[in-house]
Amino acid sequence: MSEEILTTQDLHLYYGEKEALKGINLNFDAKGITALIGPSGCGKSTYLRTLNRMNDLIPNVTITGTIKFKGENLYAPNADTVEIRKEIGMVFQQPNPFPFSIYDNVIYGLRIAGEKDKEKLDAVVEKSLRQAAVWDEVKDHLHESALALSGGQQQRVCIARVLAVSPEIILLDEPTSALDPVSSSQIEATLLNLRHDYTIIIVTHNLQQASRIADRTAFFMNGELVEVDQTKNIFMNPAKKQTEDYISGRFG
Amino acid sequence: MDTKKQNKLAIGALYGIAGLVVLILLALLGYILASGLPQLSWHFLTAPAKAFLKGGGVGVQLFNSFYLLILAMAISFPIALGAAIYLYEYARDNWVTTTIRTAIEILSSLPSVVVGLFGFLFFVVKLRLGFSILSGAFALTFFNLPLLTRSIEDSLRTIDLEQREGGLALGLSRWETVTRVILPAAVPSILTGVILSAGRVFGEAAALIYTAGQSAPALNFADWNPFNISSPLNPMRPAETLAVHIWKINSEGIMPDAKAISSGSSAVLIIAILLFNFAARYVGKRLYKRLTSA
Chain A
1331 MSEEILTTQD
1341 LHLYYGEKEA
1351 LKGINLNFDA
1361 KGITALIGPS
1371 GCGKSTYLRT
1381 LNRMNDLIPN
1391 VTITGTIKFK
1401 GENLYAPNAD
1411 TVEIRKEIGM
1421 VFQQPNPFPF
1431 SIYDNVIYGL
1441 RIAGEKDKEK
1451 LDAVVEKSLR
1461 QAAVWDEVKD
1471 HLHESALALS
1481 GGQQQRVCIA
1491 RVLAVSPEII
1501 LLDEPTSALD
1511 PVSSSQIEAT
1521 LLNLRHDYTI
1531 IIVTHNLQQA
1541 SRIADRTAFF
1551 MNGELVEVDQ
1561 TKNIFMNPAK
1571 KQTEDYISGR
1581 FG
Chain B
13 MDTKKQNKLA
23 IGALYGIAGL
33 VVLILLALLG
43 YILASGLPQL
53 SWHFLTAPAK
63 AFLKGGGVGV
73 QLFNSFYLLI
83 LAMAISFPIA
93 LGAAIYLYEY
103 ARDNWVTTTI
113 RTAIEILSSL
123 PSVVVGLFGF
133 LFFVVKLRLG
143 FSILSGAFAL
153 TFFNLPLLTR
163 SIEDSLRTID
173 LEQREGGLAL
183 GLSRWETVTR
193 VILPAAVPSI
203 LTGVILSAGR
213 VFGEAAALIY
223 TAGQSAPALN
233 FADWNPFNIS
243 SPLNPMRPAE
253 TLAVHIWKIN
263 SEGIMPDAKA
273 ISSGSSAVLI
283 IAILLFNFAA
293 RYVGKRLYKR
303 LTSA
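So the protein lines, in turn, are chains A and B. If you want the numbering used here, it's the 1-based position in the first sequence plus 1330. If you want the numbering used here, it's the 1-based position in the second sequence plus 12.
These aren't lab readings, by the way, just hints derived from the structure by calculation. No experiment lies behind these values; they were computed from the predicted model shown. Glycine included, C-beta positions come from ideal geometry on N, C-alpha and C. Honestly, I wouldn't trust all of these hints.
[Unchecked claim] Examples of chain A residues lying across from chain B (beta carbon under 7 angstroms, computed):
1. I1388
2. P1389
3. K1416
4. G1419
5. P1429
6. G1439
7. I1442
8. K1446
9. L1472
10. N1563
11. F1565
[Unchecked claim] Straight-line distance between alpha carbons at most 30 angstroms, and here's what the computed DSS-like set of lysine-lysine pairs gives:
12. A:K1416 x B:K66
13. B:K301 x A:K1469
14. B:K66 x B:K301
15. B:K62 x B:K271
Produce the entire structure from the sequences given, and follow the hints as far as they go.
The following block contains the structure:
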């Protein structure tokens, strides 16, 4: 349990001249849920997106420092972003299913990787949708468009889509902020089911959500990591005054 | 004046403008069809044109128009698609892409007669292609490329950034994301652009007068060997299109039924474009369904 799967050392990120991350040191053990919290613009989403190199898409971003996944530097010159993202999947704030059927959405990664065996694909679809706790709701419409689903169902299909390529780490960027409370709690239940098998890192604005599901919580502010600890310590007995102020709603 | 009245007034004005546009269009269409439809017959659609006598048809011109359209699209679509994908999906915004975009913008506002004269000097004379379908197709490519590139780029722009992120986050390469996620989603919109530009190409005359020529030698529709001079498929033969034919009859036609032929040809041109639109839309819908199972 205590093996470190992902380590970040002295990570700086600049948007042009502006320093958005000011030297982050943060490590993640294999398995379990870590929540990243903090006020808007504190850098938590930016940090999350450095972990599978999604910031590569944004022009003018400079990154220094090292992030190692199982000892391999993600930002090494010969690092393969495609392979990295197969190991480190991501779920976004807005549910973003492809305009295909539910079935095709879930197996898309595998199919493009060349998997053709129908039985195997069927099995993966069922397993992934079950893991994402949406199987019972969609099993009779697998070949209908994923766009016809509700937002909450779409988001769980997106989670299933990531699970289908069997990553080690799943990054979630405020996955419930566009959803209603019922859908949110279904997503939370889904994540709690997955925490024994995957390393989950979730950015959330919802402090209750962090306290409900996260084993560990990291508090970010102004591009710096203020504090990281067991979730109950962060909420009950934070070491830093800034954390306490934020938790108790005095700002942010 | 209170805001409710302003609102009503604005809506009324907008309705009026929209109605005016529709009315003009209907009047034009109605006039062309009313004067042209009576001239149409199987003979008119299939017979070759006659230079001095009554009773010529537009069969050859009609075929030339379609052949030229297909050839021009076959050349310009892949280039436009590639350029649009490069510009929107790969290139970063810098002076190179700004220059390319400005060039496209300027090229798209080039008068087609200039494109035609350029085509004449370059393809017909310099490259010795002569007045031929190939020269015409190249000229039409120049004419078509800027607008098609723009419209495909705009189609790509309508697909959310989240779709790209979703693809990449699954471990798809950039190319796979573009070809397997973005393009299928953009098919209907790309197709609309293709249809619109096809309509323009089909009705284009000025760019073709100096490149594909104004003569339509009789074709032997039994001979499909593209190397024979009388074969319809021969890309090196001169080929007057329907639009050029209309222009020519009206400016220098000496056959006794020139007016009737001109009206008939105009109706054929419009109907062909209409049919082409419907067919393309149908194919687009089917294609989208197959690609997305939506």
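Each hint tested on the structure:
1. Interface hint status for A:I1388: violated, as the beta-carbon distance to the closest one in chain B is roughly 10 angstroms, over 7 angstroms.
2. The interface hint given for A:P1389 is met, as the beta carbon of that residue sits about 5 angstroms from the closest beta carbon of chain B, less than 7 angstroms.
3. The restraint placing A:K1416 at the interface with chain B holds, with a minimum CB-CB distance near 3 angstroms, inside the 7 angstroms limit.
4. The closest approach between the C-beta of A:G1419 and any C-beta of chain B is roughly 6 angstroms, which is under the 7 angstroms cut-off, so the hint is satisfied.
5. With a least beta-carbon distance of about 5 angstroms to chain B, the hint placing A:P1429 at the interface is held under the 7 angstroms criterion.
6. Checking A:G1439 against chain B: minimum C-beta separation of about 4 angstroms stays under 7 angstroms; hint holds.
7. With 7 angstroms as the threshold, the beta carbon of A:I1442 comes within range of chain B, its nearest partner Cβ sitting at about 5 angstroms, so the hint holds.
8. The restraint placing A:K1446 at the interface with chain B is violated, with a minimum CB-CB distance near 15 angstroms, outside the 7 angstroms limit.
9. At about 10 angstroms, the closest approach between the beta carbon of A:L1472 and any beta carbon in chain B exceeds 7 angstroms, and the interface hint on this residue is violated.
10. With 7 angstroms as the threshold, the beta carbon of A:N1563 stays out of range of chain B, its nearest partner Cβ sitting at about 31 angstroms, so the hint is violated.
11. Checking A:F1565 against chain B: minimum C-beta separation of about 30 angstroms lies over 7 angstroms; hint violated.
12. The straight-line distance between the Cα atoms of A:K1416 and B:K66 is roughly 72 angstroms, outside the 30 angstroms bound, and the hint therefore fails.
13. Distance hint between B:K301 and A:K1469 is fulfilled; the C-alpha atoms sit about 21 angstroms from each other, no more than 30 angstroms.
14. The straight-line distance between the Cα atoms of B:K66 and B:K301 is roughly 49 angstroms, outside the 30 angstroms bound, and the hint therefore fails.
15. The straight-line distance between the Cα atoms of B:K62 and B:K271 is roughly 14 angstroms, inside the 30 angstroms bound, and the hint therefore holds.
Checked against the numbered hints given earlier, the structure breaks hints 1, 8, 9, 10, 11, 12, 14 and satisfies all the rest.
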